[in-house]
Amino acid sequence: GENVEQHPSTLSVQEGDSAVIKCTYSDSASNYFPWYKQELGKGPQLIIDIRSNVGEKKDQRIAVTLNKTAKHFSLHITETQPEDSAVYFCAALTSYGNNRLAFGKGNQVVVIP
Amino acid sequence: DVKVTQSSRYLVKRTGEKVFLECVQDMDHENMFWYRQDPGLGLRLIYFSYDVKMKEKGDIPEGYSVSREKKERFSLILESASTNQTSMYLCASSLGTFGTEAFFGQGTRLTVV
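Heads up: the sequence lines are chains A and B, in that order. Per our numbering, the first sequence starts with residue 27, numbered consecutively. Per our numbering, the second sequence starts with residue 149, numbered consecutively.
Okay, chain A solo, but in the shape it has when bound (with noise of 0.2 Å):
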């Protein structure tokens, strides 16, 4: 089935960096692939999200790049506040098993203040 990897596993950025997270997939049909921020005792969040046929999508601070080339994508995450400090899920929608979202297993991302 899909194999949806996420690097690095743990991320600590000084307050006002930027962290990127990069996330690798297998199946090359997938066409959705959506950013989930969690925070401490909370369910995932929706934070962005980005479609095959774009290259890069952003919201305010974060932003998503695809290459579908390379199959992989990345969370860029500009001036970074405490309140970014959460665990961020990617996940890619594969057509593998009657499509569903396939989901990394997490990145804890630490803001240094």
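Derived from the structure by calculation, the hints contain no laboratory data. Quick caveat, the model's predicted, so the values are computed rather than measured. Incorrect hints may appear among the rest.
Restraint-style ranges between C-beta atoms, simulated for each label pair [as the list claims (entries may be wrong)]:
no., chain 1, residue 1, chain 2, residue 2, range
1, B, E178, A, K68, 22 to 30 Å
2, B, E210, A, N29, 17 to 25 Å
3, A, E109, B, K151, 19 to 27 Å
4, B, F168, A, G81, 39 to 47 Å
5, A, A96, B, T231, 37 to 45 Å
6, A, S38, B, E227, 42 to 50 Å
7, B, V200, A, S38, 45 to 53 Å
8, A, S78, B, L189, 22 to 30 Å
9, B, E227, A, G27, 21 to 29 Å
10, B, G188, A, S54, 23 to 31 Å
11, A, K94, B, K219, 31 to 39 Å
12, B, D199, A, G27, 22 to 30 Å
13, B, R221, A, G27, 28 to 36 Å
Backbone N, C-alpha and C fix where the C-beta goes; we use that ideal spot for every residue, glycine too.
Could you slot chain B onto chain A? The hints should help.
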């Protein structure tokens, strides 16, 4: 504001008990999902439903069943709880097909003793 509400934040049940986890969404979404979240394993799909009275197995359905009698409500049932079902359970609903643009509930942390 969109809302997915899970009936309990924390539950403690005994081995062998029948357990009901309830989820309600107020967005009139047709698609609803139950995931299980475990450290190091990410989110794994248990069951999903694309319509009332309709259900499909996810990746790890063994030991679980579901019920969708009304569009807004999706219940997860542990027929006979076991200790290896101790986990965080997350419900989601989506506007798009197959889980695109999905919104998650806050999660239910279930402990089976």
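Can you tell me whether the CB distance of R221/B to G27/A sits inside 28 to 36 Å? 29 Å, holds
Between the beta carbons of S78/A and L189/B, is the distance compatible with 22 to 30 Å? The hint (22 to 30 Å, Cβ to Cβ) holds, given that S78/A and L189/B are roughly 27 Å apart.
For the range 22 to 30 Å, tell me whether the beta carbons of D199/B and G27/A fit it or not. 24 Å, holds
Quick check on a hinted range of 23 to 31 Å for G188/B and S54/A, using CB atoms only. 27 Å, holds
CB of S38/A to CB of E227/B, is that within 42 to 50 Å? With Cβ atoms ~43 Å apart, the hint holds.
37 to 45 Å was suggested as the range; check whether the CB atoms of A96/A and T231/B agree with it. Check passed, 42 Å falls within 37 to 45 Å.
Check the following: the C-beta atoms of E178/B and K68/A are separated by a distance inside 22 to 30 Å. 25 Å, holds
Falls inside 21 to 29 Å, the C-beta gap from E227/B to G27/A? Holds - the Cβ-Cβ distance for E227/B and G27/A, about 26 Å, lies within 21 to 29 Å.
Range hint compliance [Cβ, E210/B to N29/A, 17 to 25 Å]: 21 Å, holds
Taking the Cβ atom of K94/A and the Cβ atom of K219/B, is their distance within the range 31 to 39 Å? 35 Å, holds
Distance restraint evaluation - V200/B, S38/A, Cβ atoms, bounds 45 to 53 Å: For S38/A against V200/B, whose Cβ atoms are near 46 Å apart, the range 45 to 53 Å holds.
Look at the Cβ atoms of E109/A and K151/B and judge whether their distance stays inside 19 to 27 Å. 21 Å, holds
The structure meets every hint from the earlier list without exception.
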